[in-house]
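Trainee: Make the full structure from the sequences, and use the hints.
Residue numbers (our numbering), protein chains in the order written: chain A, 1 to 372; chain B, 1 to 265; chain C, 1 to 265; chain D, 1 to 278; chain E, 1 to 278.
The set of hints was computed from the structure by calculation and includes no laboratory data.
Please read all numbers here as calculations on a predicted model, not as lab measurements.
Accuracy of the hints is not assured; some may be wrong.
Capping the alpha-carbon separation at 25 Å, the derived lysine-lysine pairs in PhoX-like fashion look like this [what the hints assert, rightly or not]:
hint	chain 1	residue 1	chain 2	residue 2
1	A	213	C	133
2	B	117	C	133
3	A	118	B	68
4	A	124	B	133
5	B	163	A	151
6	A	121	B	133
7	A	124	B	68
8	A	16	C	163
9	A	43	A	253
10	E	159	E	105
11	A	240	A	253
12	B	163	D	105
13	C	163	E	135
14	A	66	A	118
15	E	122	E	135
16	A	42	A	16
17	A	115	A	66
18	A	310	A	151
19	A	213	A	198
20	E	246	D	246
To spell it out: a stretch of chain B is covered by chain A in this simulated footprint if at least three of its residues, at any positions, have a beta carbon under 8 Å from a beta carbon of chain A; those stretches are [claimed, not checked]:
hint	stretch
21	119-130
22	209-220
23	223-234
No residue lacks a Cβ here, since even glycine has one placed at the ideal position from N, Cα and C.
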Amino acid sequence: NDLQAWAADAPGKPEKADLKVGFIPITCATPLIMAEPLGFYKKYGLNVEVLKASGWAMIRDFALNKQTDATHMLTPMPLAITMGVGSQSAPFLMPAIENINGQAITLHLKHKGVKAPKDMKGFKFAVPFDYSMHNFLLRYYLAEGGVDPDKDVQIRVLPPPEMVANLRANNLDGYLGPDPFNQRAVFEGFGFIHLLSKDIWDGHPCCAFSCSKEFATGNPNSFKALLKAIVDATEHASDKANRKDIAKAIAPKNYLNQPVEVLEQILTGTFPDGLGNTRTVPDRIDFDPYPWHSMAIWILTQMKRWGYIKGDVNYRKIAEEVYLTSSCREVMQAMGHKAPKDNMKTHRFADGKVFDPERPEDYVNSFAIRRT
Amino acid sequence: MTLAVPNETFRAVALSALLLFAALFVWQLASTPSGGGRTQGLPGPAAVATVTWEMLSEPFYDRGPNDKGIGFQVLSSLGRVAIGYSLASVVAIFLGVILGLNPILLKAANPYIQILKPISPLAWMPLFLYTIKDATGAMILVIFMSTLWPTLANTAFGVSAIKRDYLNVAALLQLSWWGRFFKVILPAAAPTIVAGLRISIGSAWVAVVAAEMLVGGTGIGYFVWNEWNNLSLTRVMFAILVIGVVGLILDAGFTRLARAIAYIE
Amino acid sequence: MTLAVPNETFRAVALSALLLFAALFVWQLASTPSGGGRTQGLPGPAAVATVTWEMLSEPFYDRGPNDKGIGFQVLSSLGRVAIGYSLASVVAIFLGVILGLNPILLKAANPYIQILKPISPLAWMPLFLYTIKDATGAMILVIFMSTLWPTLANTAFGVSAIKRDYLNVAALLQLSWWGRFFKVILPAAAPTIVAGLRISIGSAWVAVVAAEMLVGGTGIGYFVWNEWNNLSLTRVMFAILVIGVVGLILDAGFTRLARAIAYIE
Amino acid sequence: MGAFLEVSYVSKYFPDPSGRGMQCIFKDVQCGIDQGTFVTVVGHSGCGKSTLLNIIAGLERASAGGVVLDGKEIDAPGLDRMVVFQNFALMPWMSVYENIRVAVKAAHPAWAQTQVHACVLKYIEMVGLTDAASKRPAMLSGGMRQRVGIARAFSVEPKVLLLDEPFAQIDALTRGAIQEELVSIWMRTRNTVFMVTHDVDEAILLSDRIMLMTRGPEAEIAEVVDITIPRPRSRTSIIEHPHYYKIRNHIIHFLVERSRRCDRPAEAMSHHTGGIHG
Amino acid sequence: MGAFLEVSYVSKYFPDPSGRGMQCIFKDVQCGIDQGTFVTVVGHSGCGKSTLLNIIAGLERASAGGVVLDGKEIDAPGLDRMVVFQNFALMPWMSVYENIRVAVKAAHPAWAQTQVHACVLKYIEMVGLTDAASKRPAMLSGGMRQRVGIARAFSVEPKVLLLDEPFAQIDALTRGAIQEELVSIWMRTRNTVFMVTHDVDEAILLSDRIMLMTRGPEAEIAEVVDITIPRPRSRTSIIEHPHYYKIRNHIIHFLVERSRRCDRPAEAMSHHTGGIHG
Ligand SMILES: Nc1ncnc2c1ncn2[C@@H]1O[C@H](COP(=O)(O)OP(=O)(O)OP(=O)(O)O)[C@@H](O)[C@H]1O
Ligand SMILES: Nc1ncnc2c1ncn2[C@@H]1O[C@H](COP(=O)(O)OP(=O)(O)OP(=O)(O)O)[C@@H](O)[C@H]1O
Ligand SMILES: [Mg+2]
Ligand SMILES: [Mg+2]
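Mentor: The structure is reproduced here in structure tokens:
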């Protein structure tokens with residue numbers, strides 16, 4: 001892979017210094033956003049303008065139409081775009097994850113009594129995009145709780161920023177969405193946090209940094225500088241001591257346009273849950289750039305499970321094509337951060353199930369509720 | 001001695017077909033063939049026709065809450081339009097008659113009407129969602145706001161422009177207020193009112209699609225939104241066609257009504 | 001002997017003020033005081049006035065690509081409208097004159113116009129985004145589509161309804177094609193064309209707000225969306241007011257133009 | 001003076017076109033009309049004929065003076081006066097039948113359907129439109145439309161019939177026919193009629209008495225001409241009458257020459273009787 | 001026959017209102033008009049007078065037959081014929097001055113601005129509208145508007161002037177004044193004029209010769225009356241002429257009685273000279 005060796009080289013002058021990076025105003029995008037006010041882009045010789053998009057379809061179209069050079073994406077999106085599922089087919093790369101965890105199931109306060117998936121039959125849920133961890137985790141949670149996500153509930157796509165207003169308008173019973181919109185519903189006093197996504201799969205990938213293969217190969221120096229800036233910012237964000245400052249940096253209208261208080265609650269992990277409890281979960285959202293291939297394979301198994309892709313899937317090949325695990329490792333190491341040695345690992349879920357990336361097809365077939 | 005007049009209708013139909021073929025041809029050229037690879041280009045007429053056939057052959061399927069036939073989607077949009085539109089029409093005609101009969105009141109209310117009229121119905125959406133706390137209600141109110149003004153303005157104008165003669169005859173015959181209203185004012189202003197209603201149904205149809213794209217759940221607008229999320233251009237194009245045809249039918253209904261109540265002075 | 005006529009304008013203004021006060025009063029009653037609790041209620045007139053003052057006192061600040069003053073937002077929306085609208089107007093008037101002068105062509109093209117007209121401009125958005133591959137271009141095309149039809153329909157109608165007399169005089173005077181076009185057809189149809197242009201500017205303004213809510217970036221529509229995301233109702237209401245006032249001004253411009261080119265038969 | 005319809009010192013002011021002031025249309029108009037007579041006002045366009053007629057109808061208010069009909073002062077429209085309008089003023093969305101029925105029902109609210117129906121048919125027949133009863137006004141020629149207007153006016157059986165240039169919008173040749181019809185209907189009913197026109201031939205054919213109005217502003221009735229040509233009259237027979245052209249020339253002369261001077265100081269109103277003029 | 005304007009066996013068919021067939025408006029109309037004469041066609045509404053005039057103007061095509069002007073066959077409009085329309089047909093968005101200027105420029109494309117300006121002013125003055133030159137038609141009375149129409153027609157100096165009921169929409173009293181003006185302009189210019197009207201007085205006042213048309217369908221010119229009353233004529237003087245009322249009564253009689261029968265088999269066209277009729 002020609003992209004693997006370059007990470008160790010000294011960075012050359014960026015081919016393109018003025019870059020546009022798209023984002024959705026959510027806390028997952030923290031590294032990408034704060035890199036601007038906190039000067040990480042500048043540090044690597046880049047002049048980046050961050051552009052807010054209204055929803056993931058818009059992000060996808062911005063990326064495909066080359067209106068942005070690189071974007072904040074959901075971890076399944078580069079896979080889907082590369083395969084041409086729910087998209088025009090275009091090879092995309094995902095050199096780094098931005099955050100792990102950081103999602104939650106928020107329900108309207110009128111559902112205070114709801115404890116488990118079985119109480120949720122007939123609910124109207126929203127997720128930010130079909131090709132999102134939010135969608136797959138919600139489906140996993142519901143299905144493992146005995147609720148068929150296609151038959152027993154409605155799951156619709158809604159841009160994250162519009163979820164709160166729709167919940168308040170009773171247009172939704174709940175959503176599995178990104179923060180700050182879970183905490184915002186609590187803050188506004190009509191929603192409560194039913195479950196953190198961490199409590200489905202601790203350490204699950206959420207959002208990522210991605211760009212087209214064309215951009216990466218055409219502008220290797222820019223790409224490298226960008227990756228370094230983001231890895232740097234991600235590592236900075238993962239330090240819990242920085243979290244309060246970060247909350248202040250990303251709150252203004254140009255970025256998330258949210259009250260600082262809400263962002264602090266999320267980033268520090270000390271937050272009211274809307275039912276009168278104050279919880280302390282420091283890794284409610286965490287930041288780790290390392291893109292495990294096994295994560296990609298899990299995502300592909302879920303796409304297969306829910307019928308988004310049909311036929312045989314070469315899980316491993318696609319994962320390797322899109323998730324630039326080794327590049328990320330090299331960059332992390334070059335910058336003096338610790339990085340895992342392996343590209344894959346088994347993942348353990350909160351319900352006790354274990355995902356073995358070597359046997360994805362068996363994993364798909366192990367589910368009772370599936371669309372294959 | 002008399003020239004055989006070439007049949008105009010026939011020539012128009014022929015030309016119409018020609019235009020259609022030309023358009024389809026250009027479209028076909030512009031669309032990239034969706035070859036062996038997965039890359040979808042702009043879908044061509046054939047692809048859209050196939051989807052149309054598929055969707056229309058089973059318009060009322062229901063495969064769970066996330067996947068319903070196009071018939072259901074259109075009906076749900078039409079249902080919203082029906083409610084918002086009828087409410088707005090009743091209010092608009094009522095207010096319009098009052099304003100039309102009172103020039104000073106009309107003059108007084110006019111600045112507010114002029115400010116409220118150009119507000120994009122979608123801009124109301126956040127406000128309504130927030131205050132009504134009901135998405136369907138908010139959508140209906142958005143439709144209400146988008147249809148109120150054309151009917152109101154036309155009714156007020158139609159009533160205020162009723163020829164003095166007709167009102168004079170009503171006065172000479174000493175008709176009661178209701179007699180005057182039903183026998184003179186309403187029929188005299190009817191063509192203008194219906195013209196307003198016709199513009200309004202157009203705005204309503206535009207507004208419902210936009211509103212459903214934003215808060216949806218069901219409806220043809222939501223369908224477009226959903227297929228866009230999936231980047232299923234073929235279905236988006238099919239949906240655009242459906243929107244156009246339904247809009248055409250709604251409009252045609254009002255054209256008929258307009259013809260029925262029209263009079264020649 | 002002659003009764004002193006009470007000044008109509010004065011009475012209308014007084015009534016207007018009265019209506020305003022009544023509306024503000026009802027609004028104030030309906031609005032929940034945004035007290036200590038976090039949940040905002042409906043903001044009252046005072047809160048909106050404060051925000052209005054704040055926003056208008058610094059209309060042209062620039063704090064990054066996603067945070068600009070209201071003046072920039074309005075200008076950027078108006079810029080898009082200007083481009084899409086002018087393009088559409090030129091095309092629509094040109095096509096309209098051709099169709100208006102050729103009844104058979106008009107009849108042939110009519111079904112397509114009727115289908116394309118009612119399509120919500122927002123439904124075009126995904127298609128345009130995909131084909132043009134440029135968000136601003138797509139927004140401009142959405143505006144183009146929303147403004148094309150009223151002007152086209154009015155121009156075609158206006159031209160086809162030109163009195164035979166005027167064309168007869170042009171024929172008797174043996175005017176050239178261009179002479180006929182500029183001296184007779186255009187001025188004769190001008191009032192109808194401008195009426196179309198006026199409807200179009202309204203649609204354009206509605207469409208740009210909707211498009212910006214979907215695509216984001218800059219513009220008054222984006223402003224509404226952004227403030228909605230922050231559940232900042234006060235600012236949403238302020239934005240609604242701005243949309244109304246700008247729409248009013250655009251409309252007033254065309255009313256003036258209409259007055260300038262109007263003629264009495 | 002106590003005539004059946006008594007117009008006493010009626011003046012009318014309108015806001016003048018410039019804006020501020022008021023303009024006197026006519027001043028101190030005064031005339032009495034006996035029951036069963038046909039009186040016509042002839043004058044130039046804009047001298048205020050329609051305004052005077054509207055004041056009598058109650059559609060317009062006099063600025064000064066008053067009108068008394070059959071001993072009662074008039075200040076609002078009423079079913080005792082019906083107008084035939086120059087532009088017909090038929091409801092275009094109603095058929096001929098409905099146009100007349102609305103009048104009959106207004107005049108006789110207590111009548112049963114059959115009674116109303118019979119009455120409507122009677123008046124439609126009177127003007128010879130039985131075949132066109134279900135047609136809308138737009139389908140009729142001008143002459144036929146005004147027949148409907150006349151039928152409607154007669155159908156409420158008013159005390160006074162007010163005709164405001166009823167035949168001005170009908171083409172010159174059919175005008176004659178409908179004028180003769182009006183003559184014959186009037187001969188049978190002998191209503192009191194107040195007509196306004198600027199067609200001299202029409203005035204002579206129909207009237208018992210013609211009042212000549214000067215040009216406005218400040219118009220006034222300057223002369224009254226009694227038409228003594230015996231009835232029944234017809235267009236062809238009347239022109240053979242020895243006085244016909246004398247009267248006609250006199251009136252035309254008045255309108256062309258004398259009515260121009262509205263500033264002549266104190267010329268007393270002159271009164272002529274058909275044929276004796278000078 | 002070789003008159004200046006020669007209408008030979010012109011017929012016109014229109015699609016009939018029912019839909020399918022064709023209807024004969026008039027058939028084999030034939031007449032010759034000498035240079036410098038004023039000829040009028042009088043007939044009932046709808047008999048096809050305007051259609052005939054439009055055929056001569058080139059605005060309408062004859063179904064059969066042809067029209068020859070000054071030796072050249074006519075099949076399209078041209079600046080050698082100008083029409084004065086019943087409804088004036090002035091461009092309402094142009095001032096009086098511009099309405100005439102557009103005609104002058106069309107007739108003389110090579111002229112310089114000053115020449116055009118002088119010519120426009122001349123014709124505006126001819127009809128006495130110098131003060132109103134910058135006004136739009138809507139601001140003018142009917143009479144003034146038709147003066148503009150007349151000025152426009154004269155301004156292109158056509159070989160034939162075609163007048164289509166030019167005064168029908170002007171109120172009866174001002175009509176007289178403008179008719180007299182036309183008489184006096186015509187006396188100076190001596191254009192060839194073809195006029196269409198249904199106003200008998202107007203026809204007698206203006207014409208050298210009156211053609212009487214029967215009612216349609218299949219209308220035809222049944223009689224020609226030469227008016228020998230000497231010129232200059234005026235409204236007041238003409239009625240004193242001994243033949244005036246005789247001619248008038250004859251024509252009215254024709255229109256009321258004889259024109260009704262369009263089915264009379266083979267009555268030869270009769271020709272009368274003013275005053276000598278039976
Ligand atoms: N509502 C009004 N306001 C101001 N002026 C008016 C109004 N109605 C009529 N006038 C003026 O009063 C004058 C007389 O009008 P009126 O219609 O009575 O004349 P008329 O004799 O009936 O004319 P015509 O023969 O043209 O019908 C005119 O100069 C007209 O401009
Ligand atoms: N384009 C047309 N198509 C069909 N019929 C027509 C058309 N133009 C005129 N006619 C018919 O031809 C007949 C003669 O019309 P024309 O206008 O020439 O009559 P006219 O003598 O000028 O009447 P008027 O005195 O009312 O102006 C009428 O019956 C009319 O209905
Ligand atoms: Mg009048
Ligand atoms: Mg005619």
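Trainee: Checking one constraint from the list: CA of residue 163 of chain B to CA of residue 105 of chain D, max 25 Å. Satisfied?
Mentor: holds (22 Å)
Trainee: Given the proposed pairing of residue 240 of chain A with residue 253 of chain A, does the C-alpha separation stay at or below 25 Å?
Mentor: Holds, because 24 Å separates the two Cα atoms, which is no more than 25 Å.
Trainee: Compare the distance between the alpha carbons of residue 310 of chain A and residue 151 of chain A with 25 Å, and conclude whether the hinted pair is satisfied.
Mentor: Satisfied, since the Cα-Cα distance of roughly 20 Å is no more than 25 Å.
Trainee: Given the hint that residue 115 of chain A pairs with residue 66 of chain A, test it: the Cα-Cα distance must not exceed 25 Å.
Mentor: With Cα atoms ~45 Å apart, residue 115 of chain A and residue 66 of chain A exceed 25 Å; violated.
Trainee: Between the alpha carbons of residue 66 of chain A and residue 118 of chain A, is the straight-line distance 25 Å or under?
Mentor: With a Cα-Cα distance of about 44 Å, the restraint between residue 66 of chain A and residue 118 of chain A is violated, given a limit of 25 Å.
Trainee: Test coverage of the stretch 223-234 of chain B by chain A using CB-CB distances below 8 Å; three residues minimum.
Mentor: holds (count 7)
Trainee: For a C-alpha distance cap of 25 Å, please report whether residue 213 of chain A and residue 198 of chain A respect it.
Mentor: violated (31 Å)
Trainee: When you check the alpha-carbon spacing of residue 124 of chain A and residue 133 of chain B, does it fall within 25 Å?
Mentor: With Cα atoms ~15 Å apart, residue 124 of chain A and residue 133 of chain B stay inside 25 Å; holds.
Trainee: Mind checking the alpha carbons of residue 117 of chain B and residue 133 of chain C for me, to see if they're no more than 25 Å apart?
Mentor: Between residue 117 of chain B and residue 133 of chain C the Cα gap is close to 33 Å, so the pair fails against 25 Å, i.e. violated.
Trainee: For residue 159 of chain E and residue 105 of chain E, compute the direct alpha-carbon distance and say whether it is at most 25 Å.
Mentor: Since the Cα atoms of residue 159 of chain E and residue 105 of chain E sit roughly 17 Å apart, the hinted pair holds (cutoff 25 Å).
Trainee: Would the pair residue 43 of chain A and residue 253 of chain A pass a check requiring their Cα atoms to be no farther apart than 25 Å?
Mentor: holds (24 Å)
Trainee: Would the hint linking residue 42 of chain A and residue 16 of chain A be met if the CA-CA limit is 25 Å?
Mentor: holds (13 Å)
Of the numbered hints given earlier, the model fails hints 2, 5, 8, 14, 17, 19; all others are met.
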